[in-house]
Amino acid sequence: MNENLKIAWRNLWRNRRRTIITSASVFFAVFFAVVMRSYQLGSYDHMITGFIESYSGYLQVQHTKFQDNPLIDNSFSYNDSIAMAISGVGKVVSVAPHIESFALVSSGTQTKGVIVLAIDPEKEKKFSNPENKLVKYRITGKAIDLLKKSGFIPGYVLEKVEKCMGGSYSSRSRLELEVGLSATDNDLYIPYIIKSCEISNGFLSNEDKGVLVSDKLAGYLMVTIGDSIILMGQGYHGASAAGIFPVRGIIKMPIPDIDSRLIITTIPAAQKFFDSEGMITSLSVNLTSKSHRTMKEAKNMINLLLTDKTTVTKTWEELNPVLVQQIQGDSQSGMAMLGLLYFIIFFGIFGTVLMMVAERKREFGVLIAIGMQKRKLKSIITIEMIMLGGIGLVSGLLASAPIIMYFYYFPVLLKGDLAKMMEDYGWDAVMPTAWFGPYFYWQAIIVGMMVILATIYPLRKIGKLREIEALRS
Amino acid sequence: MKVKLLIFLFFILGYKPGLYAQNLTATQIVTKADEKLNGEKSSFTVMSMTIIRPSWKRTIEFKNWSLGRDYALTLITSPAKDAGQTFLKRSAEMWSWNPTINRLIKLPPSMMSQGWMGSDYTNDDILKESSVVKDYTHEIIGEESIGDRLCYKIKMVAKEDAAVVWGHQIRWIDKKDMLFLKSELYDEDGYLVRTETGSGIREMDGRIIPTLIELLPSEEKGNKTLIEIKDIKFNIAIGENYFSQQNMKMVR
Chain A
1 MNENLKIAWR
11 NLWRNRRRTI
21 ITSASVFFAV
31 FFAVVMRSYQ
41 LGSYDHMITG
51 FIESYSGYLQ
61 VQHTKFQDNP
71 LIDNSFSYND
81 SIAMAISGVG
91 KVVSVAPHIE
101 SFALVSSGTQ
111 TKGVIVLAID
121 PEKEKKFSNP
131 ENKLVKYRIT
141 GKAIDLLKKS
151 GFIPGYVLEK
161 VEKCMGGSYS
171 SRSRLELEVG
181 LSATDNDLYI
191 PYIIKSCEIS
201 NGFLSNEDKG
211 VLVSDKLAGY
221 LMVTIGDSII
231 LMGQGYHGAS
241 AAGIFPVRGI
251 IKMPIPDIDS
261 RLIITTIPAA
271 QKFFDSEGMI
281 TSLSVNLTSK
291 SHRTMKEAKN
301 MINLLLTDKT
311 TVTKTWEELN
321 PVLVQQIQGD
331 SQSGMAMLGL
341 LYFIIFFGIF
351 GTVLMMVAER
361 KREFGVLIAI
371 GMQKRKLKSI
381 ITIEMIMLGG
391 IGLVSGLLAS
401 APIIMYFYYF
411 PVLLKGDLAK
421 MMEDYGWDAV
431 MPTAWFGPYF
441 YWQAIIVGMM
451 VILATIYPLR
461 KIGKLREIEA
471 LRS
Chain B
1 MKVKLLIFLF
11 FILGYKPGLY
21 AQNLTATQIV
31 TKADEKLNGE
41 KSSFTVMSMT
51 IIRPSWKRTI
61 EFKNWSLGRD
71 YALTLITSPA
81 KDAGQTFLKR
91 SAEMWSWNPT
101 INRLIKLPPS
111 MMSQGWMGSD
121 YTNDDILKES
131 SVVKDYTHEI
141 IGEESIGDRL
151 CYKIKMVAKE
161 DAAVVWGHQI
171 RWIDKKDMLF
181 LKSELYDEDG
191 YLVRTETGSG
201 IREMDGRIIP
211 TLIELLPSEE
221 KGNKTLIEIK
231 DIKFNIAIGE
241 NYFSQQNMKM
251 VR
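Chains as they are written, first to last, in the numbering used here: chain A, 1 to 473; chain B, 1 to 252.
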């Protein structure tokens, strides 16, 4: 066996050019496939985490009719003991009670249909932590004028800041990313930029009667902290719901679609507004991982805990079939692209194999004529093929790994019109890669299968080889 | 002699009102019933409305002032959360005033098909100006008893150019007092949409009226709206200027 390996290795390097071309085609196929797939999976993951962890939760306990008919009527009575029991279930990270309903919001002459989400500010800290998403910095014309006046900021930095006009950010790092200065410039100028863009913002206290307004919605309604908004809707069992709420803070939601229509308030305030004392519409549960097994196990455990038979636990996939299908559809088209790529590569490999067999027909004839067993020859060729594929595969994976790692930690931030377009579609304009997972190993399996498929041809040729004919050719 | 004969004839005919009524046409019957229902110039009503749903029920109490067909003002008095809300109708327009948010809202056309205060009555039902006399053709299709009262059963088909919601209606009109006791309302495809029944016939402020009205939508099982007239006063001294946006905020 050792001997076979040695012969195969030497055979490969006897025709260096052929080997390099074949491995290179495998290399590029693997490289592009892995990077493409990683970006794709990464952006799904980003979408899902953004939506799930900050909004709907991995699992939700709901009234059985709530999903089909999300009315406040389909709510259930809630006390802390259910939440306590659920947080005792394994792999549950946090449990947060929510009231979610629809209402009309109005300020001045502006009116819009919005989602009203009521939270328990204390419990929510462990769930989506909206406090983190409060808008801290906003780049306005006034802020830029202030920077200009200071005279300390050089022109090229100002230009970059001006490009981000109108943006609002909930953290310094996000602002740094968006402005995109070099590391030294960051240290020098960001403190000044931050100082001029800083805005004061507040959060809800536990029994607060005020609301948080999402950033885009606040822009539409033209309200800031301290203003009041009017909410109108339908309450529990047909009661009319109407109230005036002071705006306590502005919040930046990562999903643009939600950012333009979300109002957050406290559970007691919402219960008073909707006339639904003691009722909530959902209990959102976050888990340690979003693997199907974890979700299924936790779901079954929680269902056992529910004594109220009108309630049921649902996974985020059951709750957001549209998002799941959107991702599936996009994933399928991505896979089709990969399939096409591999298809072309396969014929590339097959072509070289075909040529190799034709070139080495005489050589094979000689080997068998001087007494080499066909079986041994076959195994040498197989090893050669595996090595050929292996070199391309390993180098492809190795080359893609640093790229994946880099963009996992420093994702691509889209800017300008492309970013606007993505945000219009309801996606965050960030393109991270996915960490190494099954998709990475799958490339190896696919390339391996292609190589095996391509090996069948030379093996059959050797099997049918007639020494005399081969020697004469 | 001739004069005596005329008086005699008049006497006889005058003493046979039953016979006289028998010969009424369908349109005359509907006109009479409509006059009974809407004939008075103005009214003040205290009512309660119970909304019944498969899993819950809710009662709202309100007062209503009305003048002719065009003007109406409604004040919710109970439950406490909704109390103080007022609704004003002036011909084809409707406003709502909500004291908790200090806002006067003109109901947009898009809200017309929504239930008023969550009931089975739509805002459109309250606003509709169509007349059972003018917008329909009438035909007596039989006689039936509703409870212990014998009624004309009249089929009313909407006229082609009439701006009405219903394709046709079947109404049962009490023979004795000319009251609408039951109505079946069908859409233009001939499907039954809702049934309204009047009962609890009593004399109130000198007039005989059904004081309990039940509305049964046929598409939604278990849904029902009951209206009970608790007190009614006819021909109160009230003018057009009573039905103003200012008064919506002041009326008690």
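In case anyone wonders, no lab produced these hints; they're calculated from the structure.
Misleading hints may appear alongside valid ones.
To be verified - Distance windows between CB atoms, simulated:
#1 Phe343/A <-> Ser110/B: 37 to 47 Å
#2 Ala163/B <-> Gly334/A: 37 to 47 Å
#3 Gln326/A <-> Arg252/B: 46 to 56 Å
Said to hold, decoys possible - Under the rule of at most 27 Å between Cα atoms (straight-line distance), these lysine-lysine pairs were calculated in the DSS-like manner:
#4 Lys314/A <-> Lys65/A
#5 Lys272/A <-> Lys63/B
#6 Lys63/B <-> Lys233/B
#7 Lys224/B <-> Lys209/A
#8 Lys65/A <-> Lys233/B
#9 Lys209/A <-> Lys81/B
#10 Lys224/B <-> Lys65/A
#11 Lys159/B <-> Lys134/B
#12 Lys309/A <-> Lys134/B
#13 Lys125/A <-> Lys142/A
#14 Lys63/B <-> Lys155/B
#15 Lys309/A <-> Lys6/A
#16 Lys149/A <-> Lys195/A
#17 Lys249/B <-> Lys272/A
#18 Lys57/B <-> Lys272/A
#19 Lys65/A <-> Lys134/B
#20 Lys106/B <-> Lys112/A
#21 Lys309/A <-> Lys123/A
#22 Lys134/B <-> Lys272/A
#23 Lys153/B <-> Lys134/B
#24 Lys209/A <-> Lys123/A
#25 Lys159/B <-> Lys309/A
#26 Lys36/B <-> Lys155/B
#27 Lys249/B <-> Lys112/A
#28 Lys106/B <-> Lys272/A
#29 Lys126/A <-> Lys296/A
#30 Lys81/B <-> Lys112/A
What the hints assert, rightly or not - To give a feel for the contact side, a few chain A residues facing chain B, derived at Cβ under 10 Å:
#31 Leu231
#32 Tyr236
#33 His237
#34 Ala239
#35 Ser240
#36 Pro246
#37 Ala369
#38 Gly371
#39 Met372
Keep in mind the model is a prediction, meaning the values are calculated, not measured.
No residue lacks a Cβ here, since even glycine has one placed at the ideal position from N, Cα and C.
Outcome of the hint check:
1. Between Phe343/A and Ser110/B the beta carbons are some 54 Å apart, a value that contradicts the proposed interval 37 to 47 Å.
2. At about 55 Å, the beta-carbon gap between Ala163/B and Gly334/A misses the expected band of 37 to 47 Å.
3. Checked against the hint of 46 to 56 Å, the pair Gln326/A and Arg252/B passes, with Cβ atoms roughly 55 Å apart.
4. Simply put, Lys314/A and Lys65/A have alpha-carbon atoms about 12 Å apart, close enough for the 27 Å limit, and the pair holds.
5. In summary, the hint linking Lys272/A to Lys63/B is supported, as the alpha carbons are separated by about 26 Å, within the 27 Å threshold.
6. As the CA atoms of Lys63/B and Lys233/B are separated by approximately 11 Å, the hinted pair is consistent with the 27 Å bound.
7. A distance of roughly 35 Å separates the Cα atoms of Lys224/B and Lys209/A; the hinted pair therefore is violated under the 27 Å criterion.
8. In summary, the hint linking Lys65/A to Lys233/B is not supported, as the alpha carbons are separated by about 45 Å, beyond the 27 Å threshold.
9. This hinted pair checks out: Lys209/A and Lys81/B have alpha carbons roughly 17 Å apart, not beyond 27 Å.
10. About 21 Å separates the Cα atoms of Lys224/B and Lys65/A, which keeps this hinted pair within 27 Å; it holds.
11. With a C-alpha separation of about 9 Å, the suggested pair Lys159/B and Lys134/B falls inside the 27 Å cut-off, and the hint holds.
12. At roughly 54 Å between alpha-carbon atoms, Lys309/A and Lys134/B are farther apart than 27 Å, so this suggested pair is violated.
13. Pair hint Lys125/A plus Lys142/A does not hold up; C-alpha atoms about 33 Å apart against a cutoff of 27 Å.
14. At most 27 Å may separate the alpha-carbon atoms for a hinted pair to count; Lys63/B and Lys155/B exceed this at roughly 33 Å.
15. In summary, the hint linking Lys309/A to Lys6/A is not supported, as the alpha carbons are separated by about 70 Å, beyond the 27 Å threshold.
16. With a C-alpha separation of about 14 Å, the suggested pair Lys149/A and Lys195/A falls inside the 27 Å cut-off, and the hint holds.
17. Of the pairs offered as hints, the one joining Lys249/B and Lys272/A holds, with about 23 Å between alpha carbons and a cut-off of 27 Å not exceeded.
18. For the suggested pair Lys57/B and Lys272/A, the alpha carbons sit about 19 Å apart, so the restraint of at most 27 Å is met.
19. Taking the CA atoms of Lys65/A and Lys134/B, the gap is about 45 Å. The hint is violated against a cut of 27 Å.
20. Proposed proximity of Lys106/B and Lys112/A is supported: the alpha carbons are some 16 Å apart, at most 27 Å.
21. The suggested pairing of Lys309/A with Lys123/A holds, with an alpha-carbon distance near 25 Å, which does not exceed 27 Å.
22. For the suggested pair Lys134/B and Lys272/A, the alpha carbons sit about 47 Å apart, so the restraint of at most 27 Å is broken.
23. The straight-line distance between the Cα atoms of Lys153/B and Lys134/B is roughly 18 Å, inside the 27 Å bound, and the hint therefore holds.
24. Between Lys209/A and Lys123/A the CA atoms are separated by roughly 17 Å; this keeps the pair inside 27 Å, and the hint holds.
25. Taking the CA atoms of Lys159/B and Lys309/A, the gap is near 52 Å; set against the 27 Å cutoff, the hint is violated.
26. Distance hint between Lys36/B and Lys155/B is fulfilled; the C-alpha atoms sit about 19 Å from each other, no more than 27 Å.
27. For the suggested pair Lys249/B and Lys112/A, the alpha carbons sit about 25 Å apart, so the restraint of at most 27 Å is met.
28. The hinted pair formed by Lys106/B and Lys272/A meets the criterion: a straight-line CA distance of about 25 Å does not exceed 27 Å.
29. The straight-line distance between the Cα atoms of Lys126/A and Lys296/A is roughly 22 Å, inside the 27 Å bound, and the hint therefore holds.
30. Restraint check for Lys81/B and Lys112/A: satisfied, since their Cα atoms lie roughly 24 Å apart, inside the 27 Å limit.
31. Hint on Leu231/A holds. Least Cβ distance to chain B is approximately 8 Å, under the 10 Å limit.
32. Look at Tyr236/A: its Cβ gets to within about 9 Å of chain B, closer than 10 Å, so that hint holds up.
33. The closest approach between the C-beta of His237/A and any C-beta of chain B is roughly 5 Å, which is under the 10 Å cut-off, so the hint is satisfied.
34. At a threshold of 10 Å, the smallest CB-CB gap from Ala239/A to chain B is about 6 Å, leaving the interface hint in force.
35. At its closest, the beta carbon of Ser240/A sits 5 Å from a beta carbon of chain B; the interface hint therefore holds under the 10 Å criterion.
36. Evaluation of the Pro246/A hint against chain B yields a violated restraint, the C-beta minimum of about 13 Å exceeding 10 Å.
37. At about 90 Å, the closest approach between the beta carbon of Ala369/A and any beta carbon in chain B exceeds 10 Å, and the interface hint on this residue is violated.
38. Checking Gly371/A against chain B by beta carbon gives a least distance of about 90 Å; that is not within 10 Å, so the hint is violated.
39. Hint status for Met372/A: violated, given a least beta-carbon distance of 86 Å to chain B, over 10 Å.
Of the numbered hints given earlier, the model fails hints 1, 2, 7, 8, 12, 13, 14, 15, 19, 22, 25, 36, 37, 38 and 39; all others are met.
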